[in-house]
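One-letter residues, chain by chain:
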Amino acid sequence: MSVTLPGLLPELEVIRKDFPILERTLADGRPLVYLDSANTSQKPQVVIDTMVDHLERHNANIARAMHQLGAEATEAYEGARDKVAAFVNAPSRNEVIFTKNATEALNLLARTIELGPGDNVVITEMEHHSNIVPWQLACERSGAELRWFGVTDDGHLDLSNADALVDEHTKVVAFTWVSNMLGTVNPVGDLSARARAVGAVSVIDASQAAPQLPVDVAATGCDFLVFTGHKTVGPTGIGVLWGREDLLNALPPFHGGGEMIETVTMQRSTYARAPHRFEAGTPPIVEAVGLGAALDYLAHIGMDAVHAHEQAITAYALEGLATVPGLSVLGPLDAAQRGGAISFELEGVHPHDVAQVLDSRGVAIRAGHHCAKPAHARFGVQSSSRMSSYLYTTPAEIDALVEALEYTRSYFKLG
Amino acid sequence: MSVTLPGLLPELEVIRKDFPILERTLADGRPLVYLDSANTSQKPQVVIDTMVDHLERHNANIARAMHQLGAEATEAYEGARDKVAAFVNAPSRNEVIFTKNATEALNLLARTIELGPGDNVVITEMEHHSNIVPWQLACERSGAELRWFGVTDDGHLDLSNADALVDEHTKVVAFTWVSNMLGTVNPVGDLSARARAVGAVSVIDASQAAPQLPVDVAATGCDFLVFTGHKTVGPTGIGVLWGREDLLNALPPFHGGGEMIETVTMQRSTYARAPHRFEAGTPPIVEAVGLGAALDYLAHIGMDAVHAHEQAITAYALEGLATVPGLSVLGPLDAAQRGGAISFELEGVHPHDVAQVLDSRGVAIRAGHHCAKPAHARFGVQSSSRMSSYLYTTPAEIDALVEALEYTRSYFKLG
Amino acid sequence: MDLDSLYQEIILDHYKNPHHKGLREPFEAEVHHVNPTCGDEVTLRVHLSEGVVQDVSYDALGCSISQAAASVMTDLVIGKPVDEAMRIHGEFLALMQGKGTVEPDEEVLEDGIAFAGVAKFPARVKCALLSWMAWKDATTRSLEASHG
Amino acid sequence: MDLDSLYQEIILDHYKNPHHKGLREPFEAEVHHVNPTCGDEVTLRVHLSEGVVQDVSYDALGCSISQAAASVMTDLVIGKPVDEAMRIHGEFLALMQGKGTVEPDEEVLEDGIAFAGVAKFPARVKCALLSWMAWKDATTRSLEASHG
Ligand SMILES: Cc1ncc(COP(=O)(O)O)c(C=O)c1O
Ligand SMILES: Cc1ncc(COP(=O)(O)O)c(C=O)c1O
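Protein chains in written order, with the numbering used here: chain W, 1 to 415; chain L, 1 to 415; chain Y, 1 to 148; chain Z, 1 to 148.
The hints are simulated quantities; they were obtained by calculation from the structure and are not laboratory data. Do not take every clue at face value.
[Said to hold, decoys possible] Cut-off 27 Å, straight-line C-alpha distance, at most; resulting in silico cross-link-like pairs (DSS-like, lysine-lysine):
| # | chain 1 | residue 1 | chain 2 | residue 2 |
| --- | --- | --- | --- | --- |
| 1 | Z | Lys136 | Z | Lys99 |
| 2 | Y | Lys126 | Y | Lys16 |
| 3 | L | Lys83 | Z | Lys21 |
| 4 | L | Lys413 | Y | Lys80 |
| 5 | Y | Lys136 | Y | Lys16 |
| 6 | Z | Lys99 | L | Lys83 |
| 7 | L | Lys83 | L | Lys17 |
| 8 | Z | Lys80 | Z | Lys16 |
| 9 | Y | Lys80 | Y | Lys126 |
| 10 | W | Lys83 | Y | Lys126 |
| 11 | Y | Lys120 | Y | Lys16 |
| 12 | Z | Lys21 | W | Lys413 |
| 13 | W | Lys413 | Z | Lys136 |
| 14 | Z | Lys80 | W | Lys413 |
| 15 | Y | Lys21 | L | Lys413 |
| 16 | Z | Lys136 | Z | Lys80 |
| 17 | Y | Lys120 | L | Lys413 |
| 18 | W | Lys413 | Z | Lys16 |
| 19 | Z | Lys120 | L | Lys83 |
| 20 | L | Lys413 | Y | Lys16 |
| 21 | W | Lys83 | Y | Lys99 |
| 22 | Y | Lys99 | Y | Lys120 |
| 23 | Y | Lys120 | W | Lys83 |
A quick note: this is a predicted structure, and the numbers were derived from the prediction, not measured.
For reference, chain W alone in the conformation it holds in the complex (with noise of 0.2 Å):
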């Protein structure tokens, strides 16, 4: 516990200590050094004793429950949508919908967004699969064309062809803003302004946004955005979808259920306003609670705390990595340009046989394609392996990584 870096969270320690995970031992007695944050983030104490309490003293069903504890449990919910709302800076707590995850999310949106023959979606070839295959569906129903921006050689996108891209014809552009497997951060400020210059609405993947950068869907100028609980030190089974309130009203039910209507008969039915419209069945309750109170400990940390020390991270991670010999990085190799998911190859080891070698040492990362095919296409590669930090990551683990790396290689006896 010697390196200190400029921007680190002071506190990281204390940090540390909320998250009992960061405590357990594996196979040999070796700690755990958990690289693998942009797939799943570790959770905090509090957050999981929030929801024990919810489950243990306030649990029955919301909005249609009038008792006690009915409404303890539509305060706790309709609080965390509160929450939510002030953590991405919405006008209006009527835009933000709980759905299961970002996946689902976006699937929304591609199911009720209305396409034809004629019309184009725009998205990018670093998207997560996600962002990918809702629009390939929704374009092979309603027979729109699927356009992508590429991507260039040092990991940016490719904005040359900007202009014939997005036209008139284009209704929705669809990007992420921090690349899950190149860790580039995008323009999403300018790809929203291009899409409404042409009239087609703009959609964020926040998902690997939401856990390291301040979002303010105001400043960016979006129309959609999405993001992940779980890895935003929330729990599974919760995302978010965020939307302009006009738009969203305008939209078609997605999933038809109990919750989000106004009145039904057995020939036909009509339909609640956003959120509810969209909020079909009984929602991940539980789960709303638990993303709420991890919000609140991201915001009590600051949310450009987290990005310093993110950052930091990164610039040295970035520095550890370029003294294995035979690894290289995909993606920017500025800190400041990317987010804290680092992709890289060693020559003469595949990406699973690293991450097996690394994992036998306690370093936990991710091989293979990330959910991102086309983007591991891009750059000539099948699969790549992945290491993440988060706010609870320290120089150490950096150090133990890098070290691991250097094991692999003699492991695989390579010069």
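Keeping the supplied structure of chain W fixed, place chains L, Y and Z with the ligands upon it in accordance with the hints.
Positioned in the frame of chain W, the structure of chains L, Y and Z with the ligands alone reads:
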């Protein structure tokens, strides 16, 4: 604590201790009398503890993560799938799909089963909105016709015109096993056979049955069956779709995204087989783990014993309610023909007002349309009061309900 | 839980003997509002002329709170200039959303002050507001129809 | 965690020098299998005649375990009668699914016994089985094609 009835769970006081919320006191220090379990069930400590252990020690993303935590999380999640398969007696674990809730499971089917003009879908007038609206929307999209079984005066399905309703153009017959409003237990084996006879698929909504009855998909002969975690002492955010493997693999994808693919290029994608095809994105991991613990808990008590308890309490409640002047029960009056949710009207007092007065005495029931507006309309009422018991309900709680109803009558100065 | 603060005598009186109930002619706008969570419904007509609320007629299904609120609402707005009626609506809304902290003004709200206790029961606030929301909607539509 | 039980010398040798690699003619069936979670891929061709596996050729992208498994698999099945090759497949499958409790038979599995350690790493079992599954699929298709 005096009354004992044949069929009551022998260790009822011990079981009650498993549910921390049952120790809660409400306003004015009143003990909680929770009679809203058909809305959502309470959670035993072991479910909460299992979720906490997962979050504190084994949290990681699944499938994609190759490290030790990833292996543990994957094993826990896939282990829950095995538990569900055993709980419903599924021939194969691949037939179990985790959804967000029962509503999502029903929407999945309504979105993916192919329908067209000339086809018809048959439901019933006693369905929950979640088994009505998805089919209305599917019929609107496809031009198929929506038909339904009516309900007799005594609250059973009117099967008199069954041969005319279910015909050679029927593609889907979807029905609830146990009505959440009337309590009616439907002949699911007969209805499934009727569907099969005309080449239609059968869909059982077991949301109210799975908590109360032994479920055996093979024995019912149905093609699909859904239920929801939060009513079977599990958490919110998790539901189950069971389907015959060949049928599932013949359905197109539902949501697109991570985990449901085989391979993805920008041009096109191919999809995994069931269950993964239908589990796009990071699934509700800790919720599945919690549901696994919940089903273990139920299996440990034994679903036959749970059912016997339910029958005993329901019979006792029907007797007690019959003593309240001006009270009339909707649905079958014989406990053996029904589940544990009992909706009723109290002449001269609106259901909300009944629920409010009961709540002031600590008795939590539901008032409203219980997401079954058409079933209410069938009986010419707009709303009703509903008590619903579960495996932790005692005869003394039923006494408290009856007493609180007497008090309600006197509060509103009825005779 | 203080039931009596919710169920004031005035509320129960209006519930048992609602004022101005029934649908009447003439009217410029008719609306149908539902409380989706509980199913309470109101069909409501507004007749405006010369800037004055000439009549509000309605048919409603619902609990004591929602029925009494409709009755009190008609007492308060019928015969008033539209802008004054809107001010009264605003005042009632503020009372309901005040979680029990707002002191009602009897001069303005008359029998409406009996609803002060409802504000402490969050699940019932929607019941008290259903007919007011319907009235506001119908009035806006009437004004639009006459101006447009 | 005993890395060496996973990465046996035999496995690393096959990984570095895979046998029978490359796509060849003739063949009756070609399949493409993917491990969707990690992206490992194999394209595999089978040439059967007179009830014997005459050739298995493949092109594969993947980790040491999946590459070595493909190489060992071709050694084991090429030249064998189809039913015997299927039996060997069954034996390898049982070994992989045994969670480390199955004792491999060297007579049958030859170099395949080196994969015994893989069975203790659940996440890697799929890697070892990818090419076997592809082979079984291609063989079944070849048989179907020849039977009409
Ligand atoms: C019969 C029935 N079907 C479906 C549902 C919907 O369940 P969920 O809200 O968990 O999706 C319910 C409960 O609300 C129900 O009682
Ligand atoms: C950029 C990006 N988009 C979308 C997702 C999908 O999130 P989820 O799996 O929670 O739906 C992820 C994470 O897996 C991601 O990194």
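Outcome of the hint check:
This hinted pair checks out: Lys136 (chain Z) and Lys99 (chain Z) have alpha carbons roughly 22 Å apart, not beyond 27 Å. The straight-line distance between the Cα atoms of Lys126 (chain Y) and Lys16 (chain Y) is roughly 20 Å, inside the 27 Å bound, and the hint therefore holds. The suggested pairing of Lys83 (chain L) with Lys21 (chain Z) is violated, with an alpha-carbon distance near 42 Å, which exceeds 27 Å. Restraint check for Lys413 (chain L) and Lys80 (chain Y): the C-alpha separation of about 36 Å exceeds 27 Å, so the hint is violated.
At most 27 Å may separate the alpha-carbon atoms for a hinted pair to count; Lys136 (chain Y) and Lys16 (chain Y) meet this at roughly 25 Å. Annotation: proposed proximity of Lys99 (chain Z) to Lys83 (chain L) holds, straight-line Cα distance about 20 Å (limit 27 Å). The hinted pair formed by Lys83 (chain L) and Lys17 (chain L) meets the criterion: a straight-line CA distance of about 24 Å does not exceed 27 Å. In summary, the hint linking Lys80 (chain Z) to Lys16 (chain Z) is supported, as the alpha carbons are separated by about 25 Å, within the 27 Å threshold.
Annotation: proposed proximity of Lys80 (chain Y) to Lys126 (chain Y) holds, straight-line Cα distance about 24 Å (limit 27 Å). With a C-alpha separation of about 23 Å, the suggested pair Lys83 (chain W) and Lys126 (chain Y) falls inside the 27 Å cut-off, and the hint holds. About 23 Å separates the Cα atoms of Lys120 (chain Y) and Lys16 (chain Y), which keeps this hinted pair within 27 Å; it holds. Simply put, Lys21 (chain Z) and Lys413 (chain W) have alpha-carbon atoms about 23 Å apart, close enough for the 27 Å limit, and the pair holds.
In summary, the hint linking Lys413 (chain W) to Lys136 (chain Z) is not supported, as the alpha carbons are separated by about 34 Å, beyond the 27 Å threshold. Proposed proximity of Lys80 (chain Z) and Lys413 (chain W) is contradicted: the alpha carbons are some 36 Å apart, above 27 Å. Among the hinted pairs, Lys21 (chain Y) with Lys413 (chain L) is consistent with the structure: their alpha-carbon atoms are about 23 Å apart, no more than 27 Å. Restraint check for Lys136 (chain Z) and Lys80 (chain Z): satisfied, since their Cα atoms lie roughly 14 Å apart, inside the 27 Å limit.
Restraint check for Lys120 (chain Y) and Lys413 (chain L): satisfied, since their Cα atoms lie roughly 24 Å apart, inside the 27 Å limit. Our distance criterion of 27 Å between C-alpha atoms is met by Lys413 (chain W) and Lys16 (chain Z), whose separation comes to about 12 Å. Using a Cα cut-off of 27 Å, the hinted pair Lys120 (chain Z) and Lys83 (chain L) holds, with the two alpha carbons roughly 23 Å apart. Pair hint Lys413 (chain L) plus Lys16 (chain Y) holds up; C-alpha atoms about 12 Å apart against a cutoff of 27 Å.
Simply put, Lys83 (chain W) and Lys99 (chain Y) have alpha-carbon atoms about 20 Å apart, close enough for the 27 Å limit, and the pair holds. Between Lys99 (chain Y) and Lys120 (chain Y) the alpha-carbon distance is near 5 Å, which keeps this suggested pair within the 27 Å criterion. Between the alpha carbons of Lys120 (chain Y) and Lys83 (chain W) the distance comes to roughly 23 Å, so the proposed pair stays at or under 27 Å and holds.
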